[in-house]
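Quick note, the sequences are listed as chains E and A, same order.
So the first sequence is numbered by my numbering: it starts at 44 and just counts up by one.
So the second sequence is numbered by my numbering: it starts at 11 and just counts up by one.
In short, the hints are calculated from the structure, not lab data.
Quick reminder that beta carbons are idealized off the backbone N, C-alpha and C, glycines included.
Honestly, I wouldn't trust all of these hints.
[Unchecked claim] Some chain A residues flagged as far from chain E (calculated, every beta-carbon gap over 10 Å): (1) Ala-48; (2) Pro-51; (3) His-127; (4) Thr-151; (5) Leu-180; (6) Arg-351; (7) His-378; (8) Pro-379; (9) Ile-419; (10) Ala-444; (11) Asp-534; (12) Arg-537.
[As the list claims (entries may be wrong)] Keeping only pairs whose Cα atoms sit at most 20 Å apart, straight-line, the calculated EDC-like set for lysine to aspartate or glutamate is: (13) E:Lys-428 <-> E:Asp-330; (14) E:Lys-223 <-> E:Asp-295; (15) E:Lys-413 <-> E:Asp-46; (16) E:Lys-413 <-> E:Asp-258; (17) E:Lys-413 <-> E:Glu-99; (18) E:Lys-270 <-> E:Asp-330; (19) E:Lys-114 <-> A:Asp-534; (20) A:Lys-427 <-> E:Asp-159; (21) E:Lys-219 <-> E:Glu-161; (22) A:Lys-213 <-> A:Glu-187; (23) E:Lys-219 <-> A:Glu-496; (24) A:Lys-427 <-> E:Asp-295.
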Amino acid sequence: MNDFPWLTILIVIPLLGAVATAALPAGHRLELPKQVALGTSVLTLALSVVMSFGYELDGGFQFTEDHTWIKAFGAHYALGVDGLGLLMVLLTTVLVPIVIGASWYDADPGATLKLDDEASTTRHTKAFFAWALALEALSIAVFSATDVFLFYVAFEATLIPAYFLVGGFGGNLRRKAAVKFLIYQLAGGLVMLASVIGLYVVSAGRGTPSYLFTDLQGITIDPGTQKWLFIGFFVAFAIKAPLFPVHTWLPDTTEQATTGTSVLLVCILDKIGAYGMLRFCLGLLPDGSQWATPVVITLAVISIVYGSLVALGQDDILRLFGFMSVSHFGLIVLGIFLLTSQGGSGAVLYMVNHGLSTAALFLVAGFLIKRRGTASIRAMGGVEKVAPVLGGLFLVFCLAALSLPGLSPFVSEILVIIAAFQHQWWVGAIVVTVIVTTAWYLLWMYQRTMTGPELIGGRAAETRDLDRREVGTLAPLFVGLIVFGFFPMPLLKVINPFVDDTLQHVGVHDPAPTVAIAPAQPGSTQGGQQ
Amino acid sequence: MIALATNDSFVTPHIAYGSLWPILVIFGAACVGVLVEAFLPRQWRYVAQFGLTLGAMVVALVGVGFVANGLPELGGGAARGLFGSEGTVALDGPTMFMWGLVLVFGLGGVLLFAERHVEGGVSAFAGQAAALPGTESERRTQALDHTEVYPLLLFAVGGMMLFPASGDLLTMFVALEVLSLPLYLLSGLARRRRLLSQEAAMKYFLLGAFSSGFFLYGVALIYGYAGSMDFGAINEAVSNNAGNQTLLVIGMGMLTVGLLFKVGAAPFQAWMPDVYQGAPTAVTAFMAAATKAAAFGAMLRLFYVAFGSARWTWQPMLWVIAILTMVVGTVLALVQSDMKRMLAYSSVAHTGFLLTGVLGLQGSDEIHPGQITSLQAVMFYLVTYGLTTLGAFAVTALVRDSAGEQSTILRWAGLGKHSPVVAGVFALFLLGMAGIPLTSGFTGKWAVFEVALAAGAWPVVIVAVLASAAAAFFYVRVIVVMYFHEPESDSAYVAHPSVLTATTVGVTAAATVALGILPGPVLDLARTAGEFIR
């Protein structure tokens, strides 16, 4: 069964679906292309679930395929997933059908999210669904590529669908947001290109040039070169993640894009940043990663605090979520670069949980904004009374995002924070404040939008409770947040072998388990010893 | 290589007709074309000239394939080839590659030249070049078709084939002039906006003549240094450190100026936007792709063969020129509002990327097995860039309003809505030029950056990636205008092309995708071409 090209099929099916969606006649109310798109994404989900039953814990890269692609470049068409890759592929295949369902009418001609959006009557509705499927295919390729060249190609190619999704559908300033998004990403990608080429030069110097991940892991790169290569990779992934100070594209983009696009960007594409740091920075450049750890941890801590403080001051719900994501991505990056198994597992788990909880928040906020005609917190109030289901789900998802125990993000956040305390007590002390500030801005937002004596603001007549389609799209996320809140072990079982492998490659050992016995600075000496 | 007659008896020169004949076909057809123009009645000339030109190019292209297969191996298979006509023409693998490339661009050019659908039954060239703009005689000759352009095109193609094949400096200079003179004329023959076109031709001619002067002066100085025009002899003199080094350095600089002018490197790029904008778009398309290919072919031969041993003299100079060219091209392209001017400055930036590949020359002992060479990378980039540019200009010729071609970028608003196919293809070309993966531009960039990095030119590579990032902005801006702006009443429309333009656009678009996904065959072809012969 392992020779079956599962991953290629997972890439090809959404791609074919995208072509079919774009080529189909519009039909009655544009239903046919949408149904094809939804069907394709559900089929992809089903196949990915079937595939994961064949996954063996502790098995390293699985479902591998390897064909020579461009011989002169040493590039292979090589696919395979380990624990991290598998979870990211599953996250992608779960979220895409949800996004397609939730965005069913969002791309129709004349449909607007906010009252003051210009109503474009000439937009290509089919294109939204086709691009979403193309993005799914390319994201799966990114998460399953085991060849650096293939990874890079897919990494950059994801920008094209993302760009057309942001630029074609959304608020009035979407074109500007799309260009900003693209330029940031391209700049990062091209800096990374220098490092990718550098890897080729290094690998050619050791014999036959090869971009295979396993081949590259086998060669020792001298520490000086590793530092330069690390910088190239890290800049690209920091922009993608995004990390302070290259985060500014994210709030602009989430504010202007449709909420469905935001989910695809924040919950799937941005994960590539953290994924890349784990896979390539830690996996290929252990010395470079250890060398950069202090700077990266500092940037991550700034992101965490800065993102949450700026979120406090936002009036636009979607911008607020953008800054919230900056803060949460800071936690993920921090967890990765603490270089302990606790931090690493917490970070990977957070990647999954953040995907679920933020997707839920964006989608429910989208439903809210469509009803109210505005994204301004100040202009809302009293929605709860008119739409109790909407209000209730909104509250649950806010609680998940602020890491209430019992909901899945809690487990991951607490793992990262414990690891931070073990690293340096003051890092932990700074980071722990994020629990307070996140609760502050999310609950404050909830209070101002949902509670209050009466409904205020525009589109009052259209403010009804969620319909069956909307509840249906949120239900899987709701279930996921609760189930993984109480039973995170299935996820951790997949994650832990990957984290252990990676840390072993970096050459670090966890600090002694009990802080009391360890000498004064338990974490600070781990880097240098190998 | 030059056979010296030791006594008074006449020695038959060795020409190697068997390998030289593709270029002779082109020049022969050009001469026949001139006769056709003189003797055939006007109504038959279009068909005759078009058929003759197309036929000659196809025959020559097939011939290049046969000749390339029959080249003898030299130096244990590292290079293949022989010298023709007493050492003045080097017929080796890279020459054959460049010949094929120039002929492919020539074929694209002739298809665009022959397009008569877009202008409503006449070609895009002035009916009578001598008729003054705005006069009665211009109006009288308006319905005529200018068919001299076909022999001119053939002469230019012939010169471009000879340029990278030159075995000595004098042949190189002759080839430079043979390729340039027809281009000066062609630039001034636009049917619409004739004054702009004539101004472009004048500028191109004056600056081109000036740069030829530099080149010729360089030839003289190098002759003074090495005592020979022959590249092999110059290389020998350079390796032996013989002669006056000052002569060598100044002469090398002068020759470089002449070549940098042709490829449009900063600070010799000033003619490009004016000429690209003023010339008929079909001419611009051909010129942008083919001149650059031929001139880079010649530059590679000059630097690698004649001055290969003086690498440490010219490499630092190219570092500076490459960085300057990329920065100037990118920054100036950012502020353009006219499509053809923007593409011209983008062409300057691409010249910088190509120079990045040229300066990545490494000795054969430094190259690891399996690693791509600088020659291979530059030739591959020329393929990808040339085809994409040809296609992009071909599409530009189709976007029009009532006054002819409309190349103001803002007038392209909403093109994606009412002409999705043309806008989609143009977006593909732009993404290709921006170097987005899965297009040919990416694989090309990867190749030239790799050789530069392997040669230790990391500062140039860093500037190159930053310039690529900035360049993406102006390519993407066009996509924004085409797709995300609503059509307006004065927006341009797309004229329906005949099968000629459609073929060119279709083939170049297919190549842009194919070379992005599966560049292997062309890279292998560039590899089997091997090294230059000395």
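Task: Violations among the numbered hints - done: Hints 7, 8, 10, 11, 12, 13, 15, 16, 17, 20, 24 contradicted; others consistent.
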